[in-house]
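Listed in order, the protein sequences are those of chains V and H. Following this note's numbering, the residues of the first sequence are numbered contiguously, the last one being 690. Following this note's numbering, the residues of the second sequence are numbered contiguously, the last one being 298.
Check the hints yourself; a few may be wrong.
For each label pair, taking beta carbons as the anchor points, the in silico distance ranges come out as [to be verified]: (1) H:Gly-225 - V:Gly-214: 56 to 64 Å; (2) H:Arg-250 - V:Val-7: 54 to 62 Å; (3) H:Arg-147 - V:Val-22: 34 to 42 Å; (4) V:Arg-43 - H:Asp-62: 56 to 64 Å; (5) V:Arg-43 - H:Arg-147: 36 to 44 Å; (6) H:Gly-203 - V:Val-22: 54 to 62 Å.
By construction, these hints were calculated from the structure, which means they are not laboratory data. Glycine residues also receive a C-beta, built at the ideal position from the N, C-alpha and C atoms.
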Amino acid sequence: MGLGFLVPAFLAGLAALLVPIVLHLRHRERDQPRRFPSLMFLRRIPIRTASRRRITDWLLLLLRATAVALLVAAFARPFLGNTVTESRSTPARAVVLLLDRSLSMSHTAVWPVAVDSARRIIAGLAPTDRIAVVLFDDEAEVAQPLSGDHGAALAAVNAARPSSRGTRYASALRAARQILGGARELVGEILVVTDMQRSGLAGLAGLELPADLGVRAVPVAPDLRPNAAVVGADVQRLSDGDRSRLLVAARVLSRDLKAPRRVRLALAVNGREAAAREVTLPANGVTTVTFDGVPMAAARARATIALPADALVADDTLHLAIPAEDALQVLVIAASGARLEETLFLERALAIGREPRFVVQRRSGAPLTTAALRNIAVVFLVDVPVPAGSGGAALQAWVEAGGGLVEAAGRRLGARPPAAAFLPGTIRGSVERMDDRGGAFGEISLDHAVFAPFRGGGAAALGAARFLSYPRVEPAAGAEVIARFDDGAPALVEKLQGGGRAFLLAAPLDAVTGDFPLQPAYLPFLRRLAIYASGHEARPSWNTSGESGLIPNSVRDPVVSTPSGALLRPGADSSRRALALREAGFYDVYEGRASGEPLESFAVNAPAAESDLTPADPRELLLGVRRGDSAQTVSAVPPAPLEREGRQRLWRLLLVAALLVLLVESVIANRGWRGTAETGRIPPPERSLS
Amino acid sequence: MTAPATYLDPVLLARIGDLALLARMVVDGFMHGMHRSRRVGLSLDFAEHRAYQPGDDIRRIDWRVYGRTDRFYVKEYEADTNAAVTFALDASASMDFGSGPVTKFTYGRMLVAALAWLSQRQGDRVGLVTFAGDLVEIVPPSTRHLRLILHTLGRAKPGGAGQLRPMLERAASLTTRTGVTVVVSDCYEDPIAVQKGVGSLRGRGHDVILFHLLDPAERDLPGDGAATFEDAESGERLPLRPESLREKYRAQVAGHRAELARLLAQNGSDYVGLTTDQPLDVALHAYLEQRLATSRVR
Chain V
1 MGLGFLVPAF LAGLAALLVP IVLHLRHRER DQPRRFPSLM FLRRIPIRTA
51 SRRRITDWLL LLLRATAVAL LVAAFARPFL GNTVTESRST PARAVVLLLD
101 RSLSMSHTAV WPVAVDSARR IIAGLAPTDR IAVVLFDDEA EVAQPLSGDH
151 GAALAAVNAA RPSSRGTRYA SALRAARQIL GGARELVGEI LVVTDMQRSG
201 LAGLAGLELP ADLGVRAVPV APDLRPNAAV VGADVQRLSD GDRSRLLVAA
251 RVLSRDLKAP RRVRLALAVN GREAAAREVT LPANGVTTVT FDGVPMAAAR
301 ARATIALPAD ALVADDTLHL AIPAEDALQV LVIAASGARL EETLFLERAL
351 AIGREPRFVV QRRSGAPLTT AALRNIAVVF LVDVPVPAGS GGAALQAWVE
401 AGGGLVEAAG RRLGARPPAA AFLPGTIRGS VERMDDRGGA FGEISLDHAV
451 FAPFRGGGAA ALGAARFLSY PRVEPAAGAE VIARFDDGAP ALVEKLQGGG
501 RAFLLAAPLD AVTGDFPLQP AYLPFLRRLA IYASGHEARP SWNTSGESGL
551 IPNSVRDPVV STPSGALLRP GADSSRRALA LREAGFYDVY EGRASGEPLE
601 SFAVNAPAAE SDLTPADPRE LLLGVRRGDS AQTVSAVPPA PLEREGRQRL
651 WRLLLVAALL VLLVESVIAN RGWRGTAETG RIPPPERSLS
Chain H
1 MTAPATYLDP VLLARIGDLA LLARMVVDGF MHGMHRSRRV GLSLDFAEHR
51 AYQPGDDIRR IDWRVYGRTD RFYVKEYEAD TNAAVTFALD ASASMDFGSG
101 PVTKFTYGRM LVAALAWLSQ RQGDRVGLVT FAGDLVEIVP PSTRHLRLIL
151 HTLGRAKPGG AGQLRPMLER AASLTTRTGV TVVVSDCYED PIAVQKGVGS
201 LRGRGHDVIL FHLLDPAERD LPGDGAATFE DAESGERLPL RPESLREKYR
251 AQVAGHRAEL ARLLAQNGSD YVGLTTDQPL DVALHAYLEQ RLATSRVR
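If we strip away everything but chain V, and leave its shape as in the complex, we get:
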């Protein structure tokens, strides 16, 4: 049975023992001095100063010091514990080693140190300790489950390599918490071997860890790591007939350079250097470097922007996938005899803008054939019904194959309602709004992709348009009304037809029965409607590692070659197969087998934040982490509450003892021999005649 203290920090209060000693020695200084007529004679008598500082009341001093010591001991909460038993049953530890393998760890001065640190941690474990190894970047991967096999843990560390991905400590800590949740009988500890990159702290807020779970960071990076990285680029293709020019502006980040550095930035297109610029990078900052225009074919291309290699090589090159020149073919079908002005605004609106660029064909009166619909992305039927017969069948087949149809109804269709099964609605006459100065858009589904440009207050622009007359539409079954007029009549109805989309637009697109073409909302509305109807999706020039890329539906049997040269075959049963982009570089998508020209390419780069190597204080690792209730117990068999309370009630006894000692001290101080040293009135001597 041994004595311990729950709050040993209070034992520092034993320094207060000096207080009664000092007070004792200074007691006379605090006494009321004895007034005496003159010290003339007393000054003439030699007095030993040392004798004034002598402790005279040893018993009082002892009592006071004892009282202080008892109070300090009581506050330190002493307890009786079976130390022998505890020392024998010292529980084993469950250590989760979190090894940061994010891109920033690939710094030449960091990764070897990190691996060495991890090895030392494993070597320092007791034989009974269990260990798990988790490799993490923005995801956590359990490389070695919790076990007593230290050799396997060492092998997992040796096999670890830095990735191209960002840092997220939260995911690693969650994984560790989950691992330790299955080992509650052990003393849990989390060791994070990391470069403490500040950008990785995001997401820690709200994470909850058990209060008694030890978390310790093992920083392995120097405080300053100079780094330069290409973190982004603006890519623009300018068409010039069959040829086009590529304009590229790169953003270069420099951090903690000792001095401004002159570097050569090279732009390579399809593996060949196409342009280069000499630039001076500041010690800290972002530099934008614009390359000269690079002539290139209209086909898809791959490009890289590269800096000279430094200590962190992985972010010195930015990969770009430049899509083929993107032009959507739009077929505008007008009524025979229709004037050019009826489709003028529509054609002009679609011709404006890039990414994607629209190429408009106008047909009037000619029969619609399957051949005419080849390569067409969107068909606008401008106030004409769906062609009957083979033309209508071809159009329906084309829509169900993925085409986009917009039936823009007007006065003609209002007078002669068409009948087409695949249209999203039926027209039932016209609504004349001449009397109330025209109708307007009313309820609009702003969360629909067509109205994306009008989110955040832009809907007012749509509401400014006035319509004097418009067809009354009755939505078909399965159709969705995504916009209505202010009288509640459907203005835009959508219906999915197989792989394509069909729209019925009741808002007139000409300037005869309304002023919609004259409103600012006309152009963005039409472009978004055409893009959405065509199913076109803009592809970014690059993806960030960790994201997913979508393999086009046109690739029936995709085979993907990864930047490291591995071949992947995504599941063939999914119409839109997601491709996990884990590595930095180019992912090439082939049909059937990996040969020839790839059908699609994905450029993948590490997150730009990973290039900022600014370290955080290790204490920040747990700043936002909530410490919940204890999930661990130190001993295998915890003592019962009554027993625990019994072992800890010594403080009460000590407190009572201290009070008793103070009581005795008071009695002695007031009644004891201190009376002989009273400082009151001087007792009169015996009367005598001198």
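Given chain V, work out where chain H should sit, using these hints.
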């Protein structure tokens, strides 16, 4: 009837607020035990002529002498020349000390009042000087100043640091007339300095009686245990244990008193050591003895 000695007990007298009553009681009580004697009686025999001074009663001008000399002279008789008795009372802070109910200042005030009353009864002109660091109150000697003296004594308060020698020297310069100067002080000064101060009075023809007042505690240094002593005048503090210093202290005090007595005797002055627990008749006796001796000399 109360025993006469009762009237001389300083503890009882200290309870009497009226100094005039107190002085009369003391003197009456004192005289009650003595036979009236000529040695303390008065004489009305002509003594001498003296030049007229402003303030003198013009009725006492000797017009015959004026007729002969064309100068004003007044006749002085033996009774008028008994003495101009000036009482110099130390009112420094050290006098405000008493281990019993009577402080040295209270005792000194009673003593001066009684002596002044007695002197007045004997026909002396009485005056008063109180001093601490400077002269505080000055009452010129006069046969009509007894009430003023008692009133001044009644409102006097001790305080400040005392300087006996310069005060005696200044008191000596107050008048050119000779007389008797009664000094009441605790004499916390070097005996040589006291001798010189008294000497300046003696040099101007004054007879000097020094009543050296001490509290019994000043004489004996009672008390045990560590204590801090504070000088009443300077505020200086000295931590010490009295029991270990008592003998040396007593020797110092006794030596001081003996030295004062010796040096004043060399000056032809009288030294009377008193403690505040002594009845006032000791002082009165000493005073009368000195006055008798003076008259014999005269």
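Taking the hints in turn, this is what the structure says about them:
1. The supplied range of 56 to 64 Å is met by H:Gly-225 and V:Gly-214, whose beta-carbon atoms lie about 60 Å from each other.
2. Distance hint check for H:Arg-250 and V:Val-7: the Cβ-Cβ separation is about 60 Å, which falls inside the suggested range of 54 to 62 Å.
3. As the Cβ distance of H:Arg-147 to V:Val-22 is approximately 59 Å, the hint placing it in 34 to 42 Å is violated.
4. Distance hint for V:Arg-43 and H:Asp-62: a CB-CB separation of about 59 Å, consistent with the stated range 56 to 64 Å.
5. At about 43 Å, the beta-carbon gap between V:Arg-43 and H:Arg-147 stays in the expected band of 36 to 44 Å.
6. Here the CB-CB span from H:Gly-203 to V:Val-22 is close to 58 Å, well matched to the stated 54 to 62 Å.
Consistency note: the structure conflicts with earlier hint 3 alone.
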